[in-house]
Amino acid sequence: MFAVLIDQFWSLTIAGVALGFIYVLISLGYTMVYGVLRMINFANSEIFMWGTFGTVITSRDIFNYTQTSEPATGGKLALVLVSSLLMSMLVAGLTAIFVELVAYRRLRMKGTNRLATLISAIGISIALQEVMRLLTDSRPVGSPRILEKIILTEVWGANIRLDTVITIIAAALIFFVLERFIKLSRMGKAIRAVSMNEDAAKLMGVNLNRVITTTFLVGGLATGAAGFFYITVFEYTKFNIGFTMGMAAFTAAVLGGIGNIRGAFYGGLSLGLLEVYASAVLGTQWKAVTVFIVLVLVLLFKPNGLFGEAVQTTRA
Amino acid sequence: MKIRNYWNLRDWGADIWERANRPKRVAIAVTSIILVAHLPFAGASFLATPIAAYDAVLVYPVGIFVLMALGLNIVVGKSGMLDLGYVAFFAIGAYTMAIMGTTTGLNTWEIMPFGIVFAMLAGVILGLPTLRLRGDYLAIVTLGFGEIVRLVVLNSSWSKGPNGIANVPMPPDIGPLKFKLDDQKVFFWVVIIMILLTIWMIRRLSVRRPGRAWEAIRQDEDAAELMGIATLKYKIWSFTLGAAVGGAAGVLYASKNLFIAPEMFTLNVSILILACVVFGGIGNIWGVIVGATILGYLPDRIRFISDARLLVFGIVLVVVMNFRPDGLLPRKKREKAIVKKEVNA
Amino acid sequence: MNKKIKGSLAVVTAAAVAFGLSSVPAASAAVKTYTIGYQGPLSGGEASTGIDEQNAVKYAIKLFEAKNKNIKIKLVSIDDQGDPAVAGTVAPGVASNKSVLGVVGPAYSGATIASLPYYKSVNMALISPSATRVSLTDPTSPDFGGPIFHRVVGKDDLQGPALAKYATAGVKDAKVFVFDDQSAYAVPLRGYVEGGLKKVAGATLVGGDSVPNTTTDFSPTIAKIKTSGATVVIYTGYYSQAAVFIKQLRDSGSKAVFAGGDGVFNQEFPKLAGAAAEGSKVTGVGGLAGISAKLEADFKKQMGVSSGVYSVESFDAANILLAGIKAGKTTRSSMLAYVKAYNGKSISGNTIKFNANGDISYGLFAGFTTKNGVLVNTGIVK
Numbered sequence: 175m176f177a178v179l180i181d182q183f184w185s186l187t188i189a190g191v192a193l194g195f196i197y198v199l200i201s202l203g204y205t206m207v208y209g210v211l212r213m214i215n216f217a218n219s220e221i222f223m224w225g226t227f228g229t230v231i232t233s234r235d236i237f238n239y240t241q242t243s244e245p246a247t248g249g250k251l252a253l254v255l256v257s258s259l260l261m262s263m264l265v266a267g268l269t270a271i272f273v274e275l276v277a278y279r280r281l282r283m284k285g286t287n288r289l290a291t292l293i294s295a296i297g298i299s300i301a302l303q304e305v306m307r308l309l310t311d312s313r314p315v316g317s318p319r320i321l322e323k324i325i326l327t328e329v330w331g332a333n334i335r336l337d338t339v340i341t342i343i344a345a346a347l348i349f350f351v352l353e354r355f356i357k358l359s360r361m362g363k364a365i366r367a368v369s370m371n372e373d374a375a376k377l378m379g380v381n382l383n384r385v386i387t388t389t390f391l392v393g394g395l396a397t398g399a400a401g402f403f404y405i406t407v408f409e410y411t412k413f414n415i416g417f418t419m420g421m422a423a424f425t426a427a428v429l430g431g432i433g434n435i436r437g438a439f440y441g442g443l444s445l446g447l448l449e450v451y452a453s454a455v456l457g458t459q460w461k462a463v464t465v466f467i468v469l470v471l472v473l474l475f476k477p478n479g480l481f482g483e484a485v486q487t488t489r490a
Numbered sequence: 038m039k040i041r042n043y044w045n046l047r048d049w050g051a052d053i054w055e056r057a058n059r060p061k062r063v064a065i066a067v068t069s070i071i072l073v074a075h076l077p078f079a080g081a082s083f084l085a086t087p088i089a090a091y092d093a094v095l096v097y098p099v100g101i102f103v104l105m106a107l108g109l110n111i112v113v114g115k116s117g118m119l120d121l122g123y124v125a126f127f128a129i130g131a132y133t134m135a136i137m138g139t140t141t142g143l144n145t146w147e148i149m150p151f152g153i154v155f156a157m158l159a160g161v162i163l164g165l166p167t168l169r170l171r172g173d174y175l176a177i178v179t180l181g182f183g184e185i186v187r188l189v190v191l192n193s194s195w196s197k198g199p200n201g202i203a204n205v206p207m208p209p210d211i212g213p214l215k216f217k218l219d220d221q222k223v224f225f226w227v228v229i230i231m232i233l234l235t236i237w238m239i240r241r242l243s244v245r246r247p248g249r250a251w252e253a254i255r256q257d258e259d260a261a262e263l264m265g266i267a268t269l270k271y272k273i274w275s276f277t278l279g280a281a282v283g284g285a286a287g288v289l290y291a292s293k294n295l296f297i298a299p300e301m302f303t304l305n306v307s308i309l310i311l312a313c314v315v316f317g318g319i320g321n322i323w324g325v326i327v328g329a330t331i332l333g334y335l336p337d338r339i340r341f342i343s344d345a346r347l348l349v350f351g352i353v354l355v356v357v358m359n360f361r362p363d364g365l366l367p368r369k370k371r372e373k374a375i376v377k378k379e380v381n382a
Numbered sequence: 047m048n049k050k051i052k053g054s055l056a057v058v059t060a061a062a063v064a065f066g067l068s069s070v071p072a073a074s075a076a077v078k079t080y081t082i083g084y085q086g087p088l089s090g091g092e093a094s095t096g097i098d099e100q101n102a103v104k105y106a107i108k109l110f111e112a113k114n115k116n117i118k119i120k121l122v123s124i125d126d127q128g129d130p131a132v133a134g135t136v137a138p139g140v141a142s143n144k145s146v147l148g149v150v151g152p153a154y155s156g157a158t159i160a161s162l163p164y165y166k167s168v169n170m171a172l173i174s175p176s177a178t179r180v181s182l183t184d185p186t187s188p189d190f191g192g193p194i195f196h197r198v199v200g201k202d203d204l205q206g207p208a209l210a211k212y213a214t215a216g217v218k219d220a221k222v223f224v225f226d227d228q229s230a231y232a233v234p235l236r237g238y239v240e241g242g243l244k245k246v247a248g249a250t251l252v253g254g255d256s257v258p259n260t261t262t263d264f265s266p267t268i269a270k271i272k273t274s275g276a277t278v279v280i281y282t283g284y285y286s287q288a289a290v291f292i293k294q295l296r297d298s299g300s301k302a303v304f305a306g307g308d309g310v311f312n313q314e315f316p317k318l319a320g321a322a323a324e325g326s327k328v329t330g331v332g333g334l335a336g337i338s339a340k341l342e343a344d345f346k347k348q349m350g351v352s353s354g355v356y357s358v359e360s361f362d363a364a365n366i367l368l369a370g371i372k373a374g375k376t377t378r379s380s381m382l383a384y385v386k387a388y389n390g391k392s393i394s395g396n397t398i399k400f401n402a403n404g405d406i407s408y409g410l411f412a413g414f415t416t417k418n419g420v421l422v423n424t425g426i427v428k
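Same order as they appear, the protein sequences are chains A, G and F.
Residue numbers for the first sequence follow the numbering used here, beginning at 175 and rising by one.
Residue numbers for the second sequence follow the numbering used here, beginning at 38 and rising by one.
Residue numbers for the third sequence follow the numbering used here, beginning at 47 and rising by one.
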């Protein structure tokens, strides 16, 4: 039963960490919005899905790569990768702003109940998914290989591949940039102020609408970046991939303590590792069951997630 | 003098009801029940559904959705707990019917109590450890529970895994009323009776101790606890009663569809039922019924735009929620004065 | 007040948009119009399968109408989303729609079982292009679809052993790893593949997994394959997942032979997987392109898209019903009798003749190998 885990421990760990970092970025989309609005951004999974298409469009339609073309090298490689990343972030960021405007803003201004907002978000995510389904004829879309998946070195029997390394490093970088932005920038401070006390922040002259739009934008950017890494690693997307990834990322956010940016980081990584280890030991069919059971156990003993709601402790 | 607001259909309806004396109320109730019971005969009118059979649509999705939405409303609407895994109880009921129906030779009505009890047991097992959690944490845990039930059924051999269970027996005839596949009137009437029983149960409980406790918990759980209400106990009660209704709906559904498989019990069902509750008017029985009827019926009515059907469905949800955030038929004003408070739950 | 009116107006408008679009097609007087149905997933997550199949049915109708100017065929799209729950709602509607003479479909086995009771009560002839579950034509099973159910696709217990044989051909002392996508199609097929492996000399089953069909990260499965030392990997599932998997398997450095069943059989598979798919072995019954490039070109011209999964089967199934209409079988029971007695040629050249349980007499699977980005027919697996 544990033979696979022992035999392939480091391969699994690396795969789990790479997957974990993708979860980290998506769960930022949930955790940012939750921190400020105390609401589940249910449409974040579809924002992610739209983000993946940003990369596909860039490499396939702008740079004219096809499934059979050779992977890029040198300066061209960097150019295509960076523009794909930016495009994914842009697409997801704009989608997130759109979601906020259409599904959240009016309800928030009215100050109505959270459930109405939740259903409105569910409605918009159904619509976003269906639009993409109609655009792609319900078909899976393959992404051309831009980055040659060179095996850099072998450590303890595990292959260290270029794409996993890039994903881990770049995702970590993006995460820390965003984290610094929230910590240090003026806008970031405004976001934290609103999440602590909306009314007080308003009285102190914070432009609430702008702060909330920015929150969605930042969450969307992170989610879009996740879409880019997802395509780089898996080279495949479909209109319905958002749900599974979104569900996992949301679980990660709750595991780490939703509303807490650091929590998203640890939650995402733990979930990525938990998923691969559980699949290896119990069989992939029990992956989701294990994840949820662990989640329930964690919540029983630490009702605010592993790392707590950092925002809440500072809230009035 | 107060100008009557005809756009607020809920108050308008309540007003008529409150002014009526007992015989008048009985008359109203009896007339509406008779009218609704005649719905299956209106298939030739503008209500007809393209492709799908109108009488079948009335049973599932419409009737079963109304029943489940009423059950979920006890949890979400009455006591304010967000449950995203309601489908689990539906699945437990359906599988109880399918397994016992194909192996023991008991009929639907004899299996019904088992289905309800198993669903309630599941409710207690899930509720005891998790109902201490609040808000979105509870939401994700219930969601996980729904998925666990589906995955266990999918991965187990006693439930025949992904193949599902076929040849679930139909309910035995009730006197002259025969259950038929090509004419599902009798199924519809059975659903109506179950809905009426559920409404009766909810109304009885609402005005008694549990109802008041739920109301208190929904408005402010900490205050309720301080006032000496055993919040956990009443939360579990609300959860198990909701589960019981879901289980009953599952038993009837399996007996009507004759075939069940794990793919029928996905998270989408939970979300759809929650949407019914919120769309119609959370906490208000009539609103919930209207919401479930519309959301159950609409996708089949608009089948002619088959490709964009779900897109329209999504847009309708957004539009209606934006313009009527409390649902089509909201609950009474007095009951919702606490909206702001919930945010901190 | 004002806001409320606006809100209600929005609802009314939405409702008006939704309800106002019904249309009634007018039949012309000179030509006769007959109706057949196609049932399968046309929306939801499985939609691409149904859309591909329905395109092949539409193509068959186009060809038929071009040949028979005095007959018009109306196709009813019965969208069951591949979901037994939805099938249980739409099937009674189709059953009570007296104009529908026969149905191509249902596409999925689960939806078929849920629909059967309704169709049985009205003698509706069903010809499924892709419901492969064995129990559907097994008279001793509760799922049995007779007398109305027929299929023009080989069932799992034929395909499983064929796949096992084809996958291990040319591999000495094959160590085989079999995994499925947890769907109702893949799990039973995996069972028959594993059964078939026992009859292949030298082959041993070294491991397995069951990966939900929404998964894109296959690293745990690949870890298992590496630990088991498998030389052959067989996947029962669909082409899109197969493409994601094979890329990851090759990227991990494994050189094991990859094989898949008819769910993988789709020219999109090598396109999605690129170079990683080279040498992959797939069993299937051959798409239109596998029969002739001319046919595929014509299909593309008429339909605007390439032919997809189960296109040959759907085309054949539609042709049987259309031939019945031409032969004047314009009631359900005469159509059912016609289908049961049907004896004709498939577009692939095989003889279509149903046995008493509704299975075709040939049911042979061809082996395909990916060469230069195309699945190439290597002949029937014997």
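FYI, nobody ran anything at the bench for these hints, they're computed from the structure.
Quantities reported herein were computed from a predicted structural model and do not represent experimental measurements.
Glycine is no exception: its CB is placed at the ideal position from the N, C-alpha and C atoms.
Any given hint could turn out to be false.
[Said to hold, decoys possible] If you want a taste of the chain F side facing chain G, the calculated C-beta under 10 Å gives, among others: (1) 124; (2) 145; (3) 187; (4) 343.
[Unchecked claim] Computed cross-link-like contacts, EDC-like style, restricted to lysine to aspartate or glutamate with a CA-CA straight-line distance of at most 20 Å: (5) F:317 with A:373; (6) F:347 with A:311; (7) A:323 with A:311; (8) A:323 with F:297.
Here is what the structure says about each hint:
no.: 1; hint: 124; in the structure: 6 Å, holds
no.: 2; hint: 145; in the structure: 12 Å, violated
no.: 3; hint: 187; in the structure: 8 Å, holds
no.: 4; hint: 343; in the structure: 27 Å, violated
no.: 5; hint: F:317 with A:373; in the structure: 55 Å, violated
no.: 6; hint: F:347 with A:311; in the structure: 18 Å, holds
no.: 7; hint: A:323 with A:311; in the structure: 30 Å, violated
no.: 8; hint: A:323 with F:297; in the structure: 7 Å, holds
Taken one by one, the earlier hints fail for this structure at numbers 2, 4, 5 and 7, listed in ascending order.
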